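Number of protein chains: 2
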Amino acid sequence: MNVLIVYAHPQPRSLNGALRDFTVQHLEAAGHHVQVSDLYAMQWKTTIDAHDAPQRDPSEPFHASLDSKRAFQSGTQRADIAREQEKLRWADTVIFQFPLWWFSMPAIMKGWFDRVYAFGFGYGVGEYSETRWGDRYGEGALSGKRAMLVVTTGGWASHYSARGINGPIDDVLFPIQHGMLFYPGFDVLPPFVAFGTSSVDAESFGNITRALGERLDSLATAAPIPFRRQNFGEYDIPALTLKDEIAPGKTGYAAHLA
Amino acid sequence: MNVLIVYAHPQPRSLNGALRDFTVQHLEAAGHHVQVSDLYAMQWKTTIDAHDAPQRDPSEPFHASLDSKRAFQSGTQRADIAREQEKLRWADTVIFQFPLWWFSMPAIMKGWFDRVYAFGFGYGVGEYSETRWGDRYGEGALSGKRAMLVVTTGGWASHYSARGINGPIDDVLFPIQHGMLFYPGFDVLPPFVAFGTSSVDAESFGNITRALGERLDSLATAAPIPFRRQNFGEYDIPALTLKDEIAPGKTGYAAHLA
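Which chain is which? The protein sequence lines are A and B, in order. The numbering of the first sequence is our numbering, which starts it at 1 and goes up by one. The numbering of the second sequence is our numbering, which starts it at 1001 and goes up by one.
By construction, these hints were calculated from the structure, which means they are not laboratory data. Certain hints may be false.
Said to hold, decoys possible - To give an idea of the interface, some chain A residues facing chain B are shown, with a C-beta separation under 7 angstroms as derived from the structure:
(1) Ala18
(2) Lys45
(3) Asp49
(4) Lys87
(5) Ser104
(6) Ser129
(7) Ala157
(8) Gly167
(9) Pro175
(10) Arg210
(11) Thr251
What you are looking at is a predicted structure, and each value in this text was computed from that prediction instead of being measured. Glycine included, each C-beta is placed from N, C-alpha and C at the ideal position.
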């Protein structure tokens, strides 16, 4: 299969660099085709602005979503954006690898999502009506593809446990896994998280790569996180709240898991 | 009082631009001193990299946190970073205003936190021992100051309600309010969120600014979100899990509210 790795870390000589190299070698050894978007090495343009729609009318005020829509529809997006969209079309599975900085991804990867997820591609897809609210949350341009996060944290596993001070890791990652991956259609595999990576010796590196290797071997077969799909009867439309009979009494992120 | 507004929107002629102008005028009319960090206008450097520590040893691999620590301690950070830290020291209250993009802040503002929150300033402050785990979550360089988010969303309030598909807005904002603001010491006021802002007419703009004005009038007096402080007996250290007798049986973000 075709695997795209979107990777954000400033230093190749690092745990993240070593895990990225391990992942590429492991997947290629298994016969897969791999491309890497190494955002730091590419000097990825992080900030969405008027330069992303080079043929827009400069006398009009820039509008992030409308200009994105026009540029996407007319094939006049900046080349770096179109290239990443092409890689996404090529991929069967996409791995997003990054260190957790301030409980989210590094800015350079947030800027990848802000820019590559154009209106008409990442959002604003499909019909908005009384019965459907766009092709999103389980449908969309990326449906049929799989995605998985590979994340390192300085904090310990206990800090991200059910009663840990940082919040449960599944909740910390929900806006990414549900809001950025499931939203445009990805099937999202459970994340691979390496905790407490401020210092990693040879033994723990061996443990991490062994566990990661097993996850890479099951990319095509592992069961995705069972997020509820938006347009298949479980949500009122357009309020987009769970119907009373679905997970009655449950609130918060967990209610959106079947 | 001194109010810093950290603001991220690409277009001055926009709802966000109008709300920013309203906020500045409203606060100045009440006698406050206001500075604005308009990240797009400043062409804020979004990505943390070796250029942020100009006097580092270039023969060594760049290390985001260690190089940040050395540059902060030796006074050799890039000037743009030092300037923002100085504004934070000056401020009594900081407002972070942005449109919610992909359930988080625009990349340019994430890059403000990634870079301005240096090791020794935003994190890595204080003693790490068996009884304290740094000056964080209620203590730190920014303690004694207040912070408030001003956020616009395209999605409707129901989409961000307790059973809404995007997740409750308090959960979506938790990694920012708890993880990025309470962490270095801010008292965090409840957020001001304007939902459903894809199109805003004069009447709804009037409603938004009226409500925002009331929030601005109570910046100094409103009760902050009662996040539990880390080092004051409610958490086991260094596991950083809630002690059994604190909010027994409760898990997830809500357990960290007193």
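Here's how the hints hold up against the structure:
About 12 angstroms separates the beta-carbon of A/Ala18 from the nearest beta-carbon of chain B, more than 7 angstroms, and the hint is not met. Checking A/Lys45 against chain B: minimum C-beta separation of about 9 angstroms lies over 7 angstroms; hint violated. Nearest Cβ of chain B to the Cβ of A/Asp49: about 5 angstroms, under the 7 angstroms cut. The hint holds. Against a cut-off of 7 angstroms between C-beta atoms, the interface hint on A/Lys87 is violated, since the closest Cβ of chain B lies about 19 angstroms away.
For A/Ser104, the shortest C-beta to C-beta distance to chain B is roughly 6 angstroms, which falls under 7 angstroms, so the interface hint holds. Nearest Cβ of chain B to the Cβ of A/Ser129: about 15 angstroms, over the 7 angstroms cut. The hint is violated. Checking A/Ala157 against chain B: minimum C-beta separation of about 10 angstroms lies over 7 angstroms; hint violated. A distance limit of 7 angstroms between C-beta atoms decides the matter here; for A/Gly167 the minimum to chain B is near 5 angstroms, and the interface restraint holds.
Interface restraint check: A/Pro175 against chain B, minimum CB-CB distance 4 angstroms, threshold 7 angstroms, status holds. At about 25 angstroms, the closest approach between the beta carbon of A/Arg210 and any beta carbon in chain B exceeds 7 angstroms, and the interface hint on this residue is violated. This hint holds: A/Thr251 has a C-beta 4 angstroms from the nearest C-beta of chain B, less than the 7 angstroms allowed.
Hints 1, 2, 4, 6, 7 and 10 from the earlier list are contradicted by this structure; the remaining hints agree with it.
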